[in-house]
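> Whole structure, please, built from the sequences with the hints as guidance.
Under the working numbering, the residue at position 132 of the sequence shown is numbered 136, and the numbers go up by one with no gaps.
One should not assume that every hint holds.
As the list claims (entries may be wrong) - Computed beta-carbon distance windows for the label pairs:
#1 Glu-183 <-> Val-209: 28 to 34 Å
#2 Glu-183 <-> Asp-26: 44 to 50 Å
#3 Gln-221 <-> Ser-14: 45 to 51 Å
#4 Val-203 <-> Arg-134: 23 to 29 Å
Said to hold, decoys possible - With a straight-line cut-off of 35 Å between C-alpha atoms, the simulated DSBU-like cross-links for lysine-lysine are:
#5 Lys-194 <-> Lys-150
#6 Lys-194 <-> Lys-149
#7 Lys-108 <-> Lys-159
#8 Lys-149 <-> Lys-159
#9 Lys-46 <-> Lys-150
#10 Lys-149 <-> Lys-46
#11 Lys-194 <-> Lys-159
#12 Lys-108 <-> Lys-149
#13 Lys-108 <-> Lys-150
#14 Lys-108 <-> Lys-46
These are calculated hints, taken from the structure and not from any lab test. All values reported here derive from a predicted model rather than from experimental measurement. Backbone N, C-alpha and C fix where the C-beta goes; we use that ideal spot for every residue, glycine too.
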Amino acid sequence: MGREVVRAVSQAADLTLVGACDRIAAGEDPGVIAGIGPLGIKIETSLEEMLRHTGAEVLVDFTEPGSVVDSIHTAIRAGVYGVVGTTGLSQADLEDIESAATAKGIGVLVAPNFAIGACLMMRFAAEAARWFPHVEIIELHHDQKKDAPSGTALKTGQIIAEVWESQGVQGSGRRPVEEWESLPGARGGKLGGIHIHSVRLPGFVAHQEVIFGLPGQILTLRHDSTSRESFMP
5 MGREVVRAVS QAADLTLVGA CDRIAAGEDP GVIAGIGPLG IKIETSLEEM LRHTGAEVLV
65 DFTEPGSVVD SIHTAIRAGV YGVVGTTGLS QADLEDIESA ATAKGIGVLV APNFAIGACL
125 MMRFAAEAAR WFPHVEIIEL HHDQKKDAPS GTALKTGQII AEVWESQGVQ GSGRRPVEEW
185 ESLPGARGGK LGGIHIHSVR LPGFVAHQEV IFGLPGQILT LRHDSTSRES FMP
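Have a look at this one:
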């Protein structure tokens, strides 16, 4: 994702890439690594130092849950705004970031998915949830993704559950038969009564299906990201 961020920021007419931070590729030119040619800057190892001497106004973080919270705290202390596309953050992590950002008066945007199609899929799912009390979510990603289910699947489930609660809908989980799993986990994880299933295979990038059901009909909402370019804010 770092390469995509470098390409997107460098190619945006109203943005300037002033620095990059990575422990493994320290000293290299991020433009060369991203395949767009030299940008005249070097990748650094200290985020704090990079933010200080570059005068950066915004930090974009598409890394891992284990490091993003510390990175955003570093940015907030430096008075730098944050854009976070990292998934797998806990509710406690999000509350921690919000508290620190609010105290300093710094804006931080955290989103599980920046692809416009994925955002619309979640919006359409919220509308469908008003009429469909039964739904399951299937998310499919590349085999290098570490967190499961995806942040997008979790957010979709939360949105649907909130709609059900506001509308007084008795959603999913209510089936006419008592079921059991001969293979534990076969029905996926559950969030607010919604079954969420995760698939990890080479060949996928990021995909999700939200499947609503009523007697005699199925409504399927599907979004496919075929390139990481779709995630660039």
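> All hints, please: hold or fail.
Right, here's what the structure says about each hint:
no.: 1; hint: Glu-183 <-> Val-209: 28 to 34 Å; in the structure: holds, 32 Å
no.: 2; hint: Glu-183 <-> Asp-26: 44 to 50 Å; in the structure: holds, 47 Å
no.: 3; hint: Gln-221 <-> Ser-14: 45 to 51 Å; in the structure: holds, 47 Å
no.: 4; hint: Val-203 <-> Arg-134: 23 to 29 Å; in the structure: holds, 28 Å
no.: 5; hint: Lys-194 <-> Lys-150; in the structure: holds, 19 Å
no.: 6; hint: Lys-194 <-> Lys-149; in the structure: holds, 20 Å
no.: 7; hint: Lys-108 <-> Lys-159; in the structure: holds, 27 Å
no.: 8; hint: Lys-149 <-> Lys-159; in the structure: holds, 17 Å
no.: 9; hint: Lys-46 <-> Lys-150; in the structure: holds, 28 Å
no.: 10; hint: Lys-149 <-> Lys-46; in the structure: holds, 27 Å
no.: 11; hint: Lys-194 <-> Lys-159; in the structure: holds, 13 Å
no.: 12; hint: Lys-108 <-> Lys-149; in the structure: holds, 33 Å
no.: 13; hint: Lys-108 <-> Lys-150; in the structure: holds, 32 Å
no.: 14; hint: Lys-108 <-> Lys-46; in the structure: holds, 29 Å
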